[in-house]
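Those sequence lines, one after another, are chains F and W. Going by numbering that gives the first Met the number 0, the residue at position 13 of the first sequence is 12; the numbering climbs one at a time, nothing skipped. Going by numbering that gives the first Met the number 0, the residue at position 386 of the second sequence is 385; the numbering climbs one at a time, nothing skipped.
The reader is advised that the hints may include incorrect statements.
[Said to hold, decoys possible] In the EDC-like style, the derived pairs of lysine to aspartate or glutamate whose C-alpha atoms are separated by at most 16 Å in a straight line are:
1) F:Lys193 <-> W:Asp308
2) W:Lys12 <-> F:Asp329
3) W:Lys186 <-> F:Glu213
4) W:Lys147 <-> W:Glu183
5) F:Lys147 <-> F:Glu183
6) F:Lys147 <-> F:Asp179
7) W:Lys212 <-> F:Glu326
8) W:Lys212 <-> F:Glu187
9) W:Lys193 <-> F:Glu223
10) F:Lys212 <-> W:Asp329
11) F:Lys96 <-> F:Glu107
12) F:Lys264 <-> F:Glu213
13) W:Lys264 <-> W:Glu326
14) F:Lys12 <-> W:Glu326
15) F:Lys93 <-> F:Glu398
16) F:Lys186 <-> F:Glu4
17) W:Lys212 <-> F:Glu410
18) F:Lys27 <-> F:Asp89
19) F:Lys12 <-> W:Asp329
20) F:Lys93 <-> F:Glu107
21) F:Lys71 <-> F:Asp34
22) W:Lys193 <-> F:Asp308
23) F:Lys186 <-> W:Glu213
24) F:Lys96 <-> W:Glu398
25) F:Lys212 <-> W:Glu187
26) F:Lys241 <-> W:Glu183
27) W:Lys96 <-> F:Asp179
28) W:Lys12 <-> F:Glu326
29) W:Lys68 <-> W:Glu42
30) W:Lys186 <-> W:Glu4
31) F:Lys193 <-> W:Glu223
32) W:Lys241 <-> F:Glu410
33) F:Lys212 <-> W:Glu326
[What the hints assert, rightly or not] Calculated from the model, a selection of chain W residues having no Cβ within reach of chain F, i.e. all distances over 12 Å:
34) Asp34
35) Ala48
36) Asn125
37) Ser166
38) Gly203
39) Leu295
40) Glu310
Hints in this document: simulated from the structure, not taken from any laboratory. For every residue, glycine included, the Cβ atom is placed at its ideal position computed from N, Cα and C.
There are 2 protein chains.
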Amino acid sequence: MTVLEMQGAAAKKAAQAMALAGTETKNKALLAIADALIARQDEWLSANAEDYEAAKAGGMNASMLDRLKLTKERVEGVAEGVRQAAALPDPIGKVTKTIDRPNGIHIEQRRVPLGVIGMIFEARPNVAVDAAVLCLKAGNACILRGGKESIRSNMCAEAIMRGALESVGLPADAVSLVHDTSRESAKELMHLEKYIDVLIPRGGAGLIRSVTKEASVPTIRTGEGICHVYVDSEADLPMAAKIVWNAKTQRPSVCNAVECVVLHKSIAEAFFNEALPLLDEKNVEIRADAKICNILGTRAKEASDEDWDTEYNDYILAAKTVTSPQEAIDFINAHGTQHSECIVTENAETAALFLNSVDAAAVYWNASTRFTDGFEFGLGAEIGISTQKLHARGPMGLEELTSWKYVVCGEGQIR
Amino acid sequence: MTVLEMQGAAAKKAAQAMALAGTETKNKALLAIADALIARQDEWLSANAEDYEAAKAGGMNASMLDRLKLTKERVEGVAEGVRQAAALPDPIGKVTKTIDRPNGIHIEQRRVPLGVIGMIFEARPNVAVDAAVLCLKAGNACILRGGKESIRSNMCAEAIMRGALESVGLPADAVSLVHDTSRESAKELMHLEKYIDVLIPRGGAGLIRSVTKEASVPTIRTGEGICHVYVDSEADLPMAAKIVWNAKTQRPSVCNAVECVVLHKSIAEAFFNEALPLLDEKNVEIRADAKICNILGTRAKEASDEDWDTEYNDYILAAKTVTSPQEAIDFINAHGTQHSECIVTENAETAALFLNSVDAAAVYWNASTRFTDGFEFGLGAEIGISTQKLHARGPMGLEELTSWKYVVCGEGQIR
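Bound-form chain F, shown alone:
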């Protein structure tokens, strides 16, 4: 057995205990983790300081360094998030369907944990804790695999969480970290289907694509977001301008930010009259088709073909005209990433056509795409936003970290 196989087998064993643990025990474990994070924060902060110095010496850029850095306030925020997870309802054990058959067998479909969840993530050290506690709350064990930049922080978080689990009588192996941060270990993890039930990559598009391509363990694809707002000929234009401005500039680095505005040609000029003053506030660069370049002159750059398929994550907005709602729908289905797509219109029929025809996890009518988020949807938690159609779609809360089993009771029935 390799090191990782041993870790997988231990996690699988721990998952059996977690599946049987009651809500109270799981909540006690989460509160013990929150307390331990505060009590042992000096350890975590000093491990993180070492990571930080090493990354800085290695030439990491300022924004990445900021993501890597833990502070007393950030630790308190993480601990508070753990307490909130403890307060959420337990999804496990719920009977989701009941079937009584003519032959007398009684069938219940019951919610059960997924088992062992593998989380692959990049630099932020808080993800190790945020992700692990949601897995635990839903009765799972998890194997964490962070980047080498945060290995010291993550090893410390691992020790804190394992200690807290043991303190309430749960197996420490319900949480473990892959200590080997080489590419080989990541690759091995992606093929550990004997022990891992699902792999969830969290991070940039490159990471997610490579995991989805490589893994034989079932994977949930999260995150990539080329989102559009279509402004219809019958839109309320001040509303449209406000929605585009918000979806583009409120937090451009996230996946539910808008990357491209699609405009009915009849309102393109009027739309920009409303929107430009707002977009100017943040100096949003506009990359547009010829028609819009004609309207905007030097305020816009001409878009290349590549622009229609780019997630900028920046103060850049692509802009394109269409001659009908159907053309907008076809364009979005061809260039979107099935994340979040919006129509602004006062015409309910056009809205219905758009909402039914656009293939995305979340489709919006007259609201900002920025609402695609577990907390904004009221799930009370979020492990990521799924852009695939199997198992989970859109914001993933605790329910998406569960599966089900059929429990069949009889009195000796045979076929």
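Given the coordinates of chain F, work out where chain W should sit on it, guided by the hints.
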């Protein structure tokens, strides 16, 4: 673009039309398919006769030849199955969750089709039709990839189904067959995530494992079944014998048949007193641990380690003793395939421990594992039995061929 990419793009376009098709149109399409199968049966039968002759000349064995063969009766059975699918309730469009947020946005989670479903299957020509019509009923397009043995039959079924789709105004491309039956085409299909939303392999364990290993398209693992019956010290032994006999011999070639009986040592001898007369009827071979070999003498062979991990699909039964229910649970979790697992006991507490602790799609108390089946569960259809925990677990009906989207309506809300 390759041939397969063109086929994928056409299927994706057709999927958009299928997603918008109403229940009535979809049902008309299914009834048109059923009628056309009957009206054009001579074509289908003669294409099948060619397949049959070629396979026979190529040395295919008798049981495989029987699977390949279509008859007038079999065609009528397939057409009848299509009519039954038309009569099932349409899963699409149902609102499965409603969320109203304090900011006034209204969120509905609505059931939508998966999109494009790829089906990879082996020799039986009826699968092409059975699988396609369930995909269509759930609003999907599908790409079928059968074995080379049934290529003529499948091409004919493809032509019949495409003609019927067009006759009701739906796109023919909602059903298409991969005509190239080489390994390369199968491999390309497994990486066509740009156009295919999910891949469902149906066939032997070898096929399913190779697809799950290779595919970057999300896959649903079906079929492999090493199922156990645990007979507890407090079992009703005549009931236990009847269940084991039924689960082993009623149809040994299927995945929900039992492969191994696990016996509490205190009742091992008494169990066989009840069970042997039944098992003898079919000359069931017994491969057992030393304790059982001691009891049964020459009636049993000594099991090798491999026996505990073998799906016989034959009149062979592995048999093993344990000293406690927990040992049975651990053995089953180590050697099962998470398909169907049964305990026979009169003790409700022991039953609950087993049902909660055994990790399988279906867990049984005092009933035969043979009930794990879409029709036996009352789903009215079955596309396969999933042994994974993501998206689908256990018998898959129409609902498992769907996903959902969030539809968010606002009045200009922003964050």
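Checked hints:
1. Taking the CA atoms of F:Lys193 and W:Asp308, the gap is about 14 Å. The hint holds against a cut of 16 Å.
2. Taking the CA atoms of W:Lys12 and F:Asp329, the gap is about 10 Å. The hint holds against a cut of 16 Å.
3. Distance hint between W:Lys186 and F:Glu213 is fulfilled; the C-alpha atoms sit about 14 Å from each other, no more than 16 Å.
4. For the proposed pair W:Lys147 and W:Glu183, the alpha carbon gap of about 13 Å is at most 16 Å, so the pair holds.
5. In summary, the hint linking F:Lys147 to F:Glu183 is supported, as the alpha carbons are separated by about 13 Å, within the 16 Å threshold.
6. As the CA atoms of F:Lys147 and F:Asp179 are separated by approximately 8 Å, the hinted pair is consistent with the 16 Å bound.
7. Under the criterion of a C-alpha separation no larger than 16 Å, the hint pairing W:Lys212 with F:Glu326 is inconsistent with the structure, at around 39 Å.
8. Between W:Lys212 and F:Glu187 the alpha-carbon distance is near 13 Å, which keeps this suggested pair within the 16 Å criterion.
9. Between the alpha carbons of W:Lys193 and F:Glu223 the distance comes to roughly 14 Å, so the proposed pair stays at or under 16 Å and holds.
10. Between the alpha carbons of F:Lys212 and W:Asp329 the distance comes to roughly 34 Å, so the proposed pair goes past 16 Å and is violated.
11. Note on F:Lys96 and F:Glu107: the hinted pairing holds, with a Cα-Cα distance of about 6 Å set against a maximum of 16 Å.
12. The suggested pairing of F:Lys264 with F:Glu213 is violated, with an alpha-carbon distance near 43 Å, which exceeds 16 Å.
13. As the CA atoms of W:Lys264 and W:Glu326 are separated by approximately 11 Å, the hinted pair is consistent with the 16 Å bound.
14. As the CA atoms of F:Lys12 and W:Glu326 are separated by approximately 14 Å, the hinted pair is consistent with the 16 Å bound.
15. With a CA separation close to 11 Å, the supplied pair F:Lys93 and F:Glu398 stays within the 16 Å bound.
16. A threshold of 16 Å between alpha carbons decides the hint, and for F:Lys186 with F:Glu4 the separation of about 13 Å falls inside it, so the pair holds.
17. Distance restraint check for W:Lys212 and F:Glu410: the Cα-Cα separation of roughly 40 Å exceeds the 16 Å cut-off, and the hinted pair is therefore not satisfied.
18. Restraint check for F:Lys27 and F:Asp89: the C-alpha separation of about 13 Å stays at or below 16 Å, so the hint holds.
19. Between the alpha carbons of F:Lys12 and W:Asp329 the distance comes to roughly 10 Å, so the proposed pair stays at or under 16 Å and holds.
20. Simply put, F:Lys93 and F:Glu107 have alpha-carbon atoms about 10 Å apart, close enough for the 16 Å limit, and the pair holds.
21. Note on F:Lys71 and F:Asp34: the hinted pairing holds, with a Cα-Cα distance of about 14 Å set against a maximum of 16 Å.
22. For a cut-off of 16 Å, the pair hint linking W:Lys193 to F:Asp308 stands: about 14 Å separates their Cα positions.
23. A distance of roughly 14 Å separates the Cα atoms of F:Lys186 and W:Glu213; the hinted pair therefore holds under the 16 Å criterion.
24. A C-alpha spacing of about 13 Å is found between F:Lys96 and W:Glu398, which places the hinted pair at or below 16 Å, so the restraint holds.
25. Of the supplied pair hints, the one linking F:Lys212 and W:Glu187 holds, its CA atoms being roughly 13 Å apart against a limit of 16 Å.
26. About 51 Å separates the Cα atoms of F:Lys241 and W:Glu183, which puts this hinted pair outside 16 Å; it is violated.
27. A distance of roughly 42 Å separates the Cα atoms of W:Lys96 and F:Asp179; the hinted pair therefore is violated under the 16 Å criterion.
28. Only pairs whose Cα atoms come within 16 Å are accepted, and W:Lys12 paired with F:Glu326 is accepted, the gap being roughly 14 Å.
29. For the hint linking W:Lys68 to W:Glu42, the alpha-carbon distance of about 14 Å falls within 16 Å, and the restraint holds.
30. With a C-alpha separation of about 13 Å, the suggested pair W:Lys186 and W:Glu4 falls inside the 16 Å cut-off, and the hint holds.
31. A distance of roughly 14 Å separates the Cα atoms of F:Lys193 and W:Glu223; the hinted pair therefore holds under the 16 Å criterion.
32. Annotation: proposed proximity of W:Lys241 to F:Glu410 holds, straight-line Cα distance about 12 Å (limit 16 Å).
33. For a cut-off of 16 Å, the pair hint linking F:Lys212 to W:Glu326 is broken: about 39 Å separates their Cα positions.
34. The beta carbon of W:Asp34 sits about 29 Å from the closest Cβ of chain F, which is more than 12 Å, so the claim that it is off the interface holds.
35. At roughly 34 Å from the closest C-beta of chain F, the C-beta of W:Ala48 stays outside 12 Å, upholding its exclusion from the interface.
36. No Cβ of chain F approaches the Cβ of W:Asn125 within 12 Å, the least distance being about 21 Å, so the stated non-interface status holds.
37. No beta-carbon of chain F comes within 12 Å of the beta-carbon of W:Ser166; the shortest separation is about 24 Å.
38. Every CB of chain F is more than 12 Å from the CB of W:Gly203 (nearest about 18 Å), matching its label as outside the interface.
39. No beta-carbon of chain F comes within 12 Å of the beta-carbon of W:Leu295; the shortest separation is about 23 Å.
40. The claim that W:Glu310 lies off the interface holds: its Cβ sits roughly 17 Å from the closest Cβ of chain F, which is beyond the 12 Å cut-off.
Against the hints set out earlier in the document, violations occur for numbers 7, 10, 12, 17, 26, 27, 33.
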